[in-house]
Amino acid sequence: MLIPMNEVALVHLVNDETPLDLPGLLVGTNSTQCINILVDLDPARTCQGVARATSGKNLIIIATGTACNQLPAIALALRATGKQILGYQLLQPTLPPFTDSWPQAPITAYFPAGFIIPKELTLRGITIKEFANLLEFARFIEDNCP
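Taken in order, the sequence shown gives residues 453 to 598; the numbers are from our numbering.
Keep in mind that the hints were calculated from the coordinates and are not lab data. Some hints could be false.
Only pairs whose alpha carbons sit at most 25 Å apart, straight line, appear in this in silico SDA-like list of lysine to any residue [as the list claims (entries may be wrong)]:
1) K581 <-> P570
2) K581 <-> Q556
3) K509 <-> N488
4) K581 <-> L472
5) K535 <-> Q485
6) K509 <-> T551
7) K535 <-> T518
8) K571 <-> A584
9) K581 <-> E594
10) K581 <-> V479
11) K581 <-> A557
12) K509 <-> D552
13) K535 <-> G508
14) K509 <-> G534
15) K535 <-> D492
16) K509 <-> T560
17) K571 <-> P549
18) K581 <-> P549
Remember, it's a predicted structure, so these values are computed and weren't measured experimentally.
Starting from the given sequences, assemble the full structure and let the hints guide the process.
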């Protein structure tokens with residue numbers, strides 16, 4: 453089932469590992485609504501920020517590094533509010549343990565070209581893509597929106 457672009461929001465979890473130019477590139481290259489949410493140390497507060505900032509039901513989550521550790525809690529909280537995560541787009545992720553509540557959507561992990569990919573990612577069935585620069589990464593995100 454195709455979902456119209458205006459019914460999908462990109463939720464970009466921003467932390468201190470997020471490249472400085474990335475929020476602007478995501479907003480500038482994608483016709484889908486892109487919402488930047490600052491990751492709080494308390495996952496419950498991050499979940500509240502995501503729930504308050506998103507009006508649509510269909511979301512694509514973008515996260516970098518250790519921000520990915522909050523994804524199980526976010527997935528559970530969003531499911532409780534009736535929102536659906538269509539996919540996870542992760543930049544050099546540090547992945548938490550997989551749980552029953554996460555993931556229930558496709559995951560793509562992105563790494564700079566030449567980066568050594570952690571074997572656990574491929575063992576978990578995560579799609580891996582390499583990019584040359586942040587603009588190319590942003591284009592990958594745009595291309596992966598339904």
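Hints versus structure:
{"no.": "1", "hint": "K581 <-> P570", "verdict": "holds (13 Å)"}
{"no.": "2", "hint": "K581 <-> Q556", "verdict": "holds (20 Å)"}
{"no.": "3", "hint": "K509 <-> N488", "verdict": "holds (17 Å)"}
{"no.": "4", "hint": "K581 <-> L472", "verdict": "holds (21 Å)"}
{"no.": "5", "hint": "K535 <-> Q485", "verdict": "holds (15 Å)"}
{"no.": "6", "hint": "K509 <-> T551", "verdict": "holds (22 Å)"}
{"no.": "7", "hint": "K535 <-> T518", "verdict": "holds (23 Å)"}
{"no.": "8", "hint": "K571 <-> A584", "verdict": "holds (21 Å)"}
{"no.": "9", "hint": "K581 <-> E594", "verdict": "holds (14 Å)"}
{"no.": "10", "hint": "K581 <-> V479", "verdict": "holds (21 Å)"}
{"no.": "11", "hint": "K581 <-> A557", "verdict": "holds (17 Å)"}
{"no.": "12", "hint": "K509 <-> D552", "verdict": "holds (21 Å)"}
{"no.": "13", "hint": "K535 <-> G508", "verdict": "holds (7 Å)"}
{"no.": "14", "hint": "K509 <-> G534", "verdict": "holds (7 Å)"}
{"no.": "15", "hint": "K535 <-> D492", "verdict": "holds (20 Å)"}
{"no.": "16", "hint": "K509 <-> T560", "verdict": "holds (21 Å)"}
{"no.": "17", "hint": "K571 <-> P549", "verdict": "holds (15 Å)"}
{"no.": "18", "hint": "K581 <-> P549", "verdict": "holds (21 Å)"}
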